[in-house]
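J.: As they're listed, the protein sequences go chains X and A. In this text, residue positions in the first sequence follow this note's numbering: the first is 1, and each later residue adds one. In this text, residue positions in the second sequence follow this note's numbering: the first is 1, and each later residue adds one.
There may be inaccurate statements among the hints.
[Unchecked claim] Below, in silico cross-link-like pairs of lysine-lysine (DSS-like), each with a Cα-Cα straight-line distance of 30 angstroms or less:
1) A:Lys-219 to X:Lys-60
2) A:Lys-54 to A:Lys-405
3) A:Lys-54 to A:Lys-175
4) A:Lys-212 to X:Lys-60
5) A:Lys-122 to A:Lys-308
6) X:Lys-60 to A:Lys-122
7) A:Lys-151 to A:Lys-351
8) A:Lys-151 to X:Lys-60
9) A:Lys-229 to X:Lys-60
[To be verified] What follows is a list of derived Cβ distance ranges for each label pair:
10) X:Ile-106 to A:Asp-26: 45 to 53 angstroms
11) X:Ile-27 to A:Lys-122: 48 to 56 angstroms
12) X:Arg-98 to A:Ala-80: 48 to 56 angstroms
Please keep in mind that the hints were generated in silico from the structure rather than gathered at the bench. Here a beta-carbon is modelled for each residue, glycine too, at the ideal position from N, C-alpha and C.
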Amino acid sequence: MQAKRRRSLAATCALLPTWLAAIFVYIGTMVWSVRLSFTDSTIFPSSNYVGFAQYTRLFKNSRWLASLENVLIFGALYVAGCLALGFVLAAALDRKVRFESMFRTIFLYPYAMSFVVTGLIWQWMLNPTLGIQATVRAFGWQGFVFDWIVNRDMAIYTVVFAGVWQGAGLVMVIALSGMRGIGEEQWKAAQIDGIPIWRIYLSIILPQLGPALAASGMLLSMGVIKTYDLIVAQTGGGPGYSTEVPAKFIMDNLFERQNLGLASAGATVLVLSVIIAVAPFRYALAMRARRRGAR
Amino acid sequence: MKNTMKLLLVGAAVLSAAISSARAEDKPKAEVMTSWTSGGEAAALDVIKQEFEKRGGIWKDSSIAGFGAADAAFQNRLVAGDPPAAKQTVLGLANADFVSQGLLSPIDGIAKAGKWADVLPKSIADLISYNGQVYLAPTGAHGESWVFYSKETFAKAGVSEEPKSWDEFFAALDKLKAAGVQPVAWGGQSWQESKVFNMILLTQVGIDGFLKIYVGKDKGEASTEGVKKTLDILGKLRAYVDEGAAGRNWNDATAMVITGKAGVQFMGDWAKGEFVAAGKALGKDYGCMLAPQSPGMVYVADSFSFPKIADAASQKGQTLLAEVAMDPAIQVEFSLKKGSVPMRTDVDKSKLDICAQKGLELMSAGKIVPDQALILSPQQAGALNDFVDEFWTNPSEDSASGAEKFFAIFE
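Sequences are here, hints too, so could you generate the full structure?
T.: If you want it as structure tokens, here you go:
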């Protein structure tokens, strides 16, 4: 009993810095920004409380509302697109193709680049007077139109392109390593049964990759919330605010517009929405673990 | 391990600082943070730098491309307690918060010694002072309601005279289009679009109307009607702009006029700096005119602000920089490179080009209205940018509902 307590004391001491960091750095700053969101701070923090006024302003602001809608569209398509494309790429490489490592490098290469570079490249490619549209027209197809990036209704999808192009490689690597862990016997058994290859991937391999894909999905979703640099480099939030995202709204209001209170309110809403989205998931996991423990 | 490393680094830094300060103690030094990074802007900043070094100062350049990016970096450094010695800023409300928080040092003594009050126009002298003390050293004023045009493309399209009215102007644009030239080189960033909005607004409501709207926040019938007409003209311009304009930098748009790809550009007179840097001559290769039917000029003015700083050498540097910036010869030299108008009224005007002379004339006659950065809070100025950008990129928006949204930016 005493030995156990001593051991836990040692463990507590070892973990103390981590605990302090968690409490002061993460929770402390979070509480600080929530506090600021209830004040009328402009360029510097003030302690003049105004209740929910900043939140009322926030949800009257059409730019903020547009940013919420955009991050939902972008997030859903980006995560789904990366998972689907990454899985397909991994399946293609899994069949021991020649030059596999070369292909792997090529597909993973975009992930090694920063979002700023990704955004700039896609901005040039999609610019109607410089990129794809101009090139195709130069080849003689004069009526070719590909102007999504300057089209208010389509611009957000061009950001999805760039995002998927960048993120699919990561999913591919994770999925590929998962596939390599699946025993060769299953393949042999399925092939003896005469099941077509695409069917094997869909019905046998895919279910076994669940945890790997869930992990990559989690990584990608966290990237969605903080999407900022990609937008700034590719569209600058435009045309109008058709590609505005919450992170950019917050940054603009923090610095350019000297609007600390409003920016903190936006940040708080963002944190709350993440908690609301993650909480049921965590709860379900905890319930399942408890049920399993009881059994 | 990491901590020892840090200690070592700090120790080394302190040591080297001690050594170098022993040598450079009496030399004024200044770390200067600006967003002046384009060709003409950098050349103009270099004029100040050369003079500063000639007078024995040590200059450290911390320029960052993009006005917003430079501001963000500056605020971070200020909050962290490590500000640069000087920051380029526009006159007006944007600095009010910094002053009221006691983060900037007044330069009243230098201003009194240099008799700034006697040589600056009254409105400028007012704008550089907060609570009765001078805080900013002005470098130059910019007219913002200029239209630059390429003489080559005008000749090609058969436009022989500068259009006097908006009707003539649109007729000229049609001719340019027919001649196969892109009529307007449009900079597709919201701050550039609001400048075009403002210059059209000035032509529609006049100087008094403009001030009534922006300073008096007047929502009366005349103001609403003026905003509506402004939006009509702005909306009409959409047809003369190329598809690739979204997000375009102003200097890229200027390059389109310089190379004869496009006919006209609406921009502040800093665009002249790009023409100069490209070796083009005013009056021969390109021309400048105020927006059609303009009763005056929209202006914005640059200056240096001086954050409170403990280091004695930097304090000396601040004094020296303020003196250099207001030196009559430097003001002219700087303006020539940057395309601006000197702030001092007692400078040698003969060296200035026609545009700058016209600008200086309007300024001394009081036929000027301030830009939104001077009279709106940063929040309102941001809301104005949002409003204009939304209107510009949404062709289905009509000017009547647009005008309503315009007045909401003051709330």
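J.: Next step is simple, just say for each hint if it's right about the structure.
T.: So, going through the hints one by one against the coordinates:
no.	hint	verdict
1	A:Lys-219 to X:Lys-60	21 angstroms, holds
2	A:Lys-54 to A:Lys-405	52 angstroms, violated
3	A:Lys-54 to A:Lys-175	52 angstroms, violated
4	A:Lys-212 to X:Lys-60	26 angstroms, holds
5	A:Lys-122 to A:Lys-308	26 angstroms, holds
6	X:Lys-60 to A:Lys-122	40 angstroms, violated
7	A:Lys-151 to A:Lys-351	23 angstroms, holds
8	A:Lys-151 to X:Lys-60	47 angstroms, violated
9	A:Lys-229 to X:Lys-60	27 angstroms, holds
10	X:Ile-106 to A:Asp-26: 45 to 53 angstroms	59 angstroms, violated
11	X:Ile-27 to A:Lys-122: 48 to 56 angstroms	54 angstroms, holds
12	X:Arg-98 to A:Ala-80: 48 to 56 angstroms	55 angstroms, holds
In summary, the numbered hints that this structure violates are 2, 3, 6, 8, 10.
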